[in-house]
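Novice: One letter stands for each residue in the lines below.
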Amino acid sequence: MKELIETIVKPLVDFPEDVHVSVIEEDGRVTYQLSVNKTDMGKVIGKQGRVAKAIRTVVYAAGSSQQKKIFLEIGE
Amino acid sequence: MKQVTATGHTVEEAVESALAQLNTTKDRTEVSIIDEGKKGIFGIFGSRPAIVKVTVKIDPLEEAKNFLIQVSEKMGAPIEIEVKQDGKHVHFTLVGKNIALLIGKRGQTLNSLQYLTQLVINRFSDQYLTLILDAEDYRKRRNDTLVQLAWRLSQNAIKTGKNVSLEPMPSYERKVIHTALAENNRVKTYSDGTEPHRFIVIAPVKR
Numbered sequence: 005m006k007e008l009i010e011t012i013v014k015p016l017v018d019f020p021e022d023v024h025v026s027v028i029e030e031d032g033r034v035t036y037q038l039s040v041n042k043t044d045m046g047k048v049i050g051k052q053g054r055v056a057k058a059i060r061t062v063v064y065a066a067g068s069s070q071q072k073k074i075f076l077e078i079g080e
Numbered sequence: 222m223k224q225v226t227a228t229g230h231t232v233e234e235a236v237e238s239a240l241a242q243l244n245t246t247k248d249r250t251e252v253s254i255i256d257e258g259k260k261g262i263f264g265i266f267g268s269r270p271a272i273v274k275v276t277v278k279i280d281p282l283e284e285a286k287n288f289l290i291q292v293s294e295k296m297g298a299p300i301e302i303e304v305k306q307d308g309k310h311v312h313f314t315l316v317g318k319n320i321a322l323l324i325g326k327r328g329q330t331l332n333s334l335q336y337l338t339q340l341v342i343n344r345f346s347d348q349y350l351t352l353i354l355d356a357e358d359y360r361k362r363r364n365d366t367l368v369q370l371a372w373r374l375s376q377n378a379i380k381t382g383k384n385v386s387l388e389p390m391p392s393y394e395r396k397v398i399h400t401a402l403a404e405n406n407r408v409k410t411y412s413d414g415t416e417p418h419r420f421i422v423i424a425p426v427k428r
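So the protein lines, in turn, are chains B and G.
The first sequence lines up with residues 5 to 80 when you count with our numbering.
The second sequence lines up with residues 222 to 428 when you count with our numbering.
These are computed hints drawn from the structure, not numbers from a lab.
No experiment lies behind these values; they were computed from the predicted model shown.
Quick reminder that beta carbons are idealized off the backbone N, C-alpha and C, glycines included.
A portion of the hints provided could be inaccurate.
Taking lysine-lysine pairs in the BS3-like style, the calculated list, with each CA pair at most 30 Å apart, reads [claimed, not checked]: (1) G/260 to B/51; (2) G/260 to G/247; (3) B/14 to G/223; (4) G/305 to G/295; (5) G/260 to B/42; (6) B/6 to G/223.
To give an idea of the interface, some chain G residues facing chain B are shown, with a C-beta separation under 10 Å as derived from the structure [said to hold, decoys possible]: (7) 291; (8) 294; (9) 296; (10) 334; (11) 340; (12) 344; (13) 409; (14) 414; (15) 415.
With the hints as constraints, model all of the structure from the sequences given.
Specialist: Next comes the structure, spelled out in C-alpha cells:
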C-alpha cells in the first residue's frame with residue numbers, strides 16, 4: 005500500500021525524492037501520512053482538492069479488500 | 222531527462238556513438254550539433270572532432286502507460302493497455318482480470334485513475350491531451366444507462382410538473398444527459414452547483 009501511494013505521487017511532483025509515506029497502525033485503522041516537498045503541495049492537492057480526492061479514491065479502492073479502515077493524510 | 226554529449230570524426234559518427242551510449246534509435250531523440258568539426262588538411266593538421274548533444278525525448282503516452290500499469294499492479298489488478306490516439310484525444314483500453322476493482326462504484330475509481338493519468342500525460346506533452354480510460358466497454362454501458370435514466374426522469378418531470386435534480390456527475394456524463402434530452406422539447410436541462418458537485422436539473426417546459 006505504501007508503495008502504491010509512492011507510485012502514484014512520485015510522477016506528479018517536481019521533487020520525487022522528497023516523497024515520504026509513514027504508516028501509523030491503530031486497532032482497526034491504518035493511517036498513511038504522505039509528505040511531499042513544500043513547493044509540491046499544490047500539485048498533490050490540486051484545484052478544489054481534486055488531485056487529493058483522486059489519490060484517496062484509488063488508495064481506498066486498493067484497500068477495500070482489507071478489514072481495516074484506511075486513511076490518507078497529506079502534509080509537508 | 223537523459224542526455225549525452227558525444228564526439229566523432231564526423232557528425233554522423235558522433236550521433237551514432239551517442240545513440241549507442243543511450244541504447245536507443247534516432248527517431249526517439251533530439252540531436253543538436255555543437256560543433257560540426259573540421260577535416261583539416263590531409264586529415265591531420267587543424268582537424269577538429271564533431272561534437273553533438275543527443276537528448277532522449279520523453280514520449281508522454283509511454284510515460285502515462287507505464288504509470289497506469291505500475292499503479293494497477295500495486296493495487297493488485299495487473300493490466301495491459303491498448304492505446305489509441307486521435308489528434309489530442311487519447312484512448313486507453315484496459316484489459317485484465319480484476320477490472321472491477323479498477324472501475325469501482327459508478328466508475329469513481331476509473332474516473333480518478335483517468336484524472337491522475339491525464340495529469341501525468343500533460344506533464345510531458347507539448348500540447349494539451351485529453352485522456353479517456355475505458356475497460357470492458359464500461360463507458361458505453363454507462364452511456365446507455367445514463368440515456369435511459371435521463372429518459373425516465375424526464376417522464377417524471379413532465380408528469381409531476383416539478384424539477385428533477387440528479388446526483389453530481391463529472392462533466393462528460395452530464396453531457397451525455399444534456400445530449401439525450403436536447404431534442405425533447407417538453408423538458409429543458411441545465412447544470413447547477415459547482416465542480417466537483419455539479420449536477421443536472423431536468424425541468425418541465427411550461428406551456
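Novice: Confirm or reject each hint.
Specialist: We went through each hint and held it up to the structure:
{"no.": "1", "hint": "G/260 to B/51", "result": "violated (58 Å)"}
{"no.": "2", "hint": "G/260 to G/247", "result": "holds (24 Å)"}
{"no.": "3", "hint": "B/14 to G/223", "result": "holds (18 Å)"}
{"no.": "4", "hint": "G/305 to G/295", "result": "holds (24 Å)"}
{"no.": "5", "hint": "G/260 to B/42", "result": "violated (53 Å)"}
{"no.": "6", "hint": "B/6 to G/223", "result": "holds (28 Å)"}
{"no.": "7", "hint": "291", "result": "holds (5 Å)"}
{"no.": "8", "hint": "294", "result": "holds (9 Å)"}
{"no.": "9", "hint": "296", "result": "holds (4 Å)"}
{"no.": "10", "hint": "334", "result": "holds (6 Å)"}
{"no.": "11", "hint": "340", "result": "holds (6 Å)"}
{"no.": "12", "hint": "344", "result": "holds (7 Å)"}
{"no.": "13", "hint": "409", "result": "violated (28 Å)"}
{"no.": "14", "hint": "414", "result": "violated (12 Å)"}
{"no.": "15", "hint": "415", "result": "holds (8 Å)"}
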